[in-house]
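2 protein chains.
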Amino acid sequence: MKKSTTFITTIILVIFSLSGHSQDNDSITIRKIFNESLGKGKSYEWLRELTTKIGPRLSGSEGATKAVTWGKNLLESGGYDKVFLQDVMVPHWVRGKKEEGYILNGKQKTIVPLAALGGSISTPEKGITAEVIEVKTFQELRDLGKEKCQGKIIFFNRPMDPTKINTFEAYGQAGDQRRSGANEASKMGAVGVIIRSLSNTENDFPHTGSMQYATGVPLIPAAALSTNAATLLSKTLKENSSLKFYFRQSCESLPDAPSHNVVAEIKGSEKPEEIIVVGGHLDSWDLAQGAHDDGTGIVQSMEVLRIFKTLNIKPKHTLRVVLFMNEENGTKGGIKYADLAKANNEKHIFAMESDNGGFTPRGFGIQGGSAEILAKIKAFSVVLSPYGLNEIEKGSGGSDIGPLAPQGTVLLGFKPDPQRYFEYHHASNDRFETVNQRELEMGAASMASMIYLIDKNF
Amino acid sequence: MKKSTTFITTIILVIFSLSGHSQDNDSITIRKIFNESLGKGKSYEWLRELTTKIGPRLSGSEGATKAVTWGKNLLESGGYDKVFLQDVMVPHWVRGKKEEGYILNGKQKTIVPLAALGGSISTPEKGITAEVIEVKTFQELRDLGKEKCQGKIIFFNRPMDPTKINTFEAYGQAGDQRRSGANEASKMGAVGVIIRSLSNTENDFPHTGSMQYATGVPLIPAAALSTNAATLLSKTLKENSSLKFYFRQSCESLPDAPSHNVVAEIKGSEKPEEIIVVGGHLDSWDLAQGAHDDGTGIVQSMEVLRIFKTLNIKPKHTLRVVLFMNEENGTKGGIKYADLAKANNEKHIFAMESDNGGFTPRGFGIQGGSAEILAKIKAFSVVLSPYGLNEIEKGSGGSDIGPLAPQGTVLLGFKPDPQRYFEYHHASNDRFETVNQRELEMGAASMASMIYLIDKNF
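Protein chains in written order, with my numbering: chain A, 1 to 458; chain B, 1 to 458.
Just chain A, same shape as in the assembly (with noise of 0.2 Å):
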């Protein structure tokens, strides 16, 4: 009952919050967005351009620098009221020759694809040869001791769970593997790690992502094997368990490389000093083109400008697109953009950030603020259901936009749908083919929706 009751409230709050002529406004001015952005929006066009012309863009490459370029320029013809870049230092870890691995099974020798996690040292030249041990768990691997780890190679297969309804939630509870493995394999003496993709699909790409390497233990390199091939190690395990397995990959990390955030503004009509921001990350891994992730949220970012500029709605607030650079391995540019507004004394009041993928709308998850705040934007939905955002709930906002939070900034997460996002997720099919217009054009609208409510009754 507990949850009708909280509904209710909800609901009664909605009533005396917005009066009805209001809410037709509202209503007009958002069914104004969803027809600019579905019938003449920009976002699908400039995803095809960064992804299919730029590509691959991780921190520190070549693509990344065309990536703030192209940003800028593109932003720049917008009209706005500004736009700058902010200089930020970024790891640079680059991939080298294309890895190869395989399962030695007696004299049968099977290759599998695999791929670097981002951060991972190099093997010898030569590659790793080593026995494999298969775990699912950290206890796991400490339970069997470090004379049975020695000179193996650790095999982390533990799936996320697929009866998780949040595939982010399954993310979370399997993302240790990924993040950590090498650490804990190394600590039992293991000389190589590797890993089973974080997707819940069941195909032949390997998925890379991040891992840091923790001080005082031996670095040992890392790689993700395919969902298929971890599946395929592991039933080959159980037939010949002393099988071996190879891989070499040549990855390194450079010294770090300088970079930017890319930042236009609408200059606020009443409160000028108070800045709402909308961003996404401009930087991908180096596998894919970075389509769901996270083109969609780059080009969503600007559609909300360009809406704003367009339908001549002139925020109270000012009005910010933050392109985010090195979200994937590191957060150097959203910690960089919360450490100038600090001291740069900007009062950011809201922060919305899409790195969900460019799936169908589903709601926003709001972190910080007060019960007030909260229950004020929960009462959008009455205007905002018609789209298709029902799930208007606490929840997180994102990595870049993460380090306002100290300040005071509430953040907002906006939510697609979560089903299909670990099918692509770091993996070289995260294509622009895999976009549908219409989900991509619906979250632009949706999120410069949320924005003009905001703006509007904050």
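Honestly, the hints are just simulated from the structure, not real lab data.
Just so it is clear, the structure is predicted and the values come from calculations on it, not from any experiment.
It is possible that some hints are incorrect.
Said to hold, decoys possible - In silico BS3-like links for lysine-lysine, alpha-carbon gap of 27 Å or less:
| no. | chain 1 | residue 1 | chain 2 | residue 2 |
| --- | --- | --- | --- | --- |
| 1 | A | K136 | B | K136 |
| 2 | B | K244 | B | K97 |
| 3 | B | K42 | A | K136 |
| 4 | B | K42 | A | K164 |
| 5 | B | K136 | A | K42 |
| 6 | B | K244 | A | K309 |
| 7 | B | K456 | B | K316 |
| 8 | A | K235 | B | K42 |
| 9 | A | K82 | A | K235 |
| 10 | B | K267 | B | K42 |
| 11 | B | K394 | A | K40 |
| 12 | A | K53 | A | K32 |
| 13 | A | K148 | A | K109 |
| 14 | A | K164 | B | K107 |
| 15 | A | K309 | A | K107 |
| 16 | A | K164 | B | K40 |
| 17 | A | K164 | B | K32 |
| 18 | B | K164 | A | K32 |
| 19 | A | K314 | A | K271 |
| 20 | A | K32 | B | K32 |
| 21 | A | K40 | B | K42 |
| 22 | B | K235 | B | K107 |
| 23 | B | K164 | A | K42 |
| 24 | B | K82 | B | K316 |
Use these hints to put chain B onto chain A, whose structure you have.
Frame of chain A; chain B shown alone:
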């Protein structure tokens, strides 16, 4: 304010119509249903078989015959109380040789993708070459007058409205061009009809679909151009209004053919004489694998029965899955099913159809039934909304179950997210690989959960 008040009424109804204890039990069962579908589901592998091993299965074709055998065998292996076929005579239209079409602009010949509409006659063997008149509406055509249209090809080029959030609404508004365009054009003396494909995606796939000839007007051939081709033709016409268009098709209607609905049932434990139906349609257009239309509905419906059986949920009412034949060009299977239900004095209390694609679930449309029934079903949202099922409201059931409506059956249309459907609908890109496993399985679980609640509460 009206909407909010209705909403409160609904919520209050929820509180009083379901006891807390019952709700908890329901939540547990529904969680089990989703776990089964997402963790151990069969729908995806069944869909792979149906779409890639059998493939296209237009009524009267060999594919349709194979699909009937496949469905029957699969249901027989499920251990249900009864599996049987219902005989039904179906239209048998065949496309013949692949169509050809081109724009003749002076000496420049541009070949364009096009496909005969289902039910259309052929062109003469040498094809039709004629000038083109482009119109958006029937009224516009009539206003031109007979003289201008005589001997011409009429080109209906009214796009689906991209600003409609519900794409089915946009489809409905554009559908007259396909269904009746040939009749309207024929009345004006035209020799052929080409239409812009009913799709909101700009690409090179022509989308077929059914058309009917009216009595008393000369029959003229009708075809659909891909949206890109339609845009090109329109543009070229603006440069040269006297260009010519050529098309050739060799389709024909053969005598009606024998076919079948496939039915399986679990007998009800308390009210076996009251029947709840769940189904989709087994036939597809000949151009496509018929993945989203309607392979997904077929495998989801079969999965509902499998889940009940596997989880040992014993329905109070008799639960039937029906694989309907001939939804695409005749609905003869749906009509026959309802006729037999009436003739056999069967009492169908509810019927559910899945025929809007295998996309992420949004809710259900309810057609028929009293206000009380509607309120009771809407109240299920308390236990269904954690699964994204927020849209439980008045709506339409589906073509195959529609003929049951006059018998007082309450119809439920499963509503997946509608944004991507018309990218694939009736075109050759409606393929297995466009279906996401999780979205499909979420849909099957949503359907099973709704049927569980209906069976229990009515």
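Run the distance test for K164 (chain B) versus K32 (chain A): straight-line Cα separation, threshold 27 Å.
Given pair K164 (chain B), K32 (chain A) holds - Cα atoms ~12 Å apart, limit 27 Å.
Given the proposed pairing of K164 (chain A) with K40 (chain B), does the C-alpha separation stay at or below 27 Å?
Within the cut-off at roughly 13 Å; holds.
Below or equal to 27 Å on CA atoms is what counts here, so check K394 (chain B) against K40 (chain A).
Answer violated: K394 (chain B) to K40 (chain A) is near 31 Å, above 27 Å.
Holds or violated: K164 (chain B) and K42 (chain A), Cα atoms, limit 27 Å.
It holds: about 18 Å lies between the C-alpha atoms, which stays within 27 Å.
Tell me if the straight-line CA distance from K235 (chain B) to K107 (chain B) falls inside 27 Å.
holds (17 Å)
Given hint K42 (chain B) paired with K267 (chain B) - CA-CA distance at most 27 Å
Holds, at about 22 Å.
Need the status of pair K235 (chain A), K42 (chain B): alpha-carbon distance at most 27 Å?
Distance of about 21 Å is within 27 Å: holds.
For the pair supplied as a hint, K40 (chain A) and K42 (chain B), is the alpha-carbon distance within the 27 Å limit?
Since the Cα atoms of K40 (chain A) and K42 (chain B) sit roughly 41 Å apart, the hinted pair is violated (cutoff 27 Å).
Is it true that the CA of K42 (chain B) sits at most 27 Å from the CA of K164 (chain A)?
holds (18 Å)
Between K309 (chain A) and K107 (chain A), is the straight-line Cα distance small enough, at 27 Å or below?
Distance ~66 Å between K309 (chain A) and K107 (chain A) Cα, so the pair is violated.
Are the Cα atoms of K456 (chain B) and K316 (chain B) separated by 27 Å or less?
This hinted pair holds, its Cα atoms lying about 7 Å apart.
Agreement of K53 (chain A) and K32 (chain A) with the hint, judged by alpha carbon distance not exceeding 27 Å
Outside the cut-off at roughly 31 Å; violated.
In the structure shown, a violation is registered for the earlier hints numbered 1, 6, 9, 11, 12, 14, 15, 20, 21, in ascending order.
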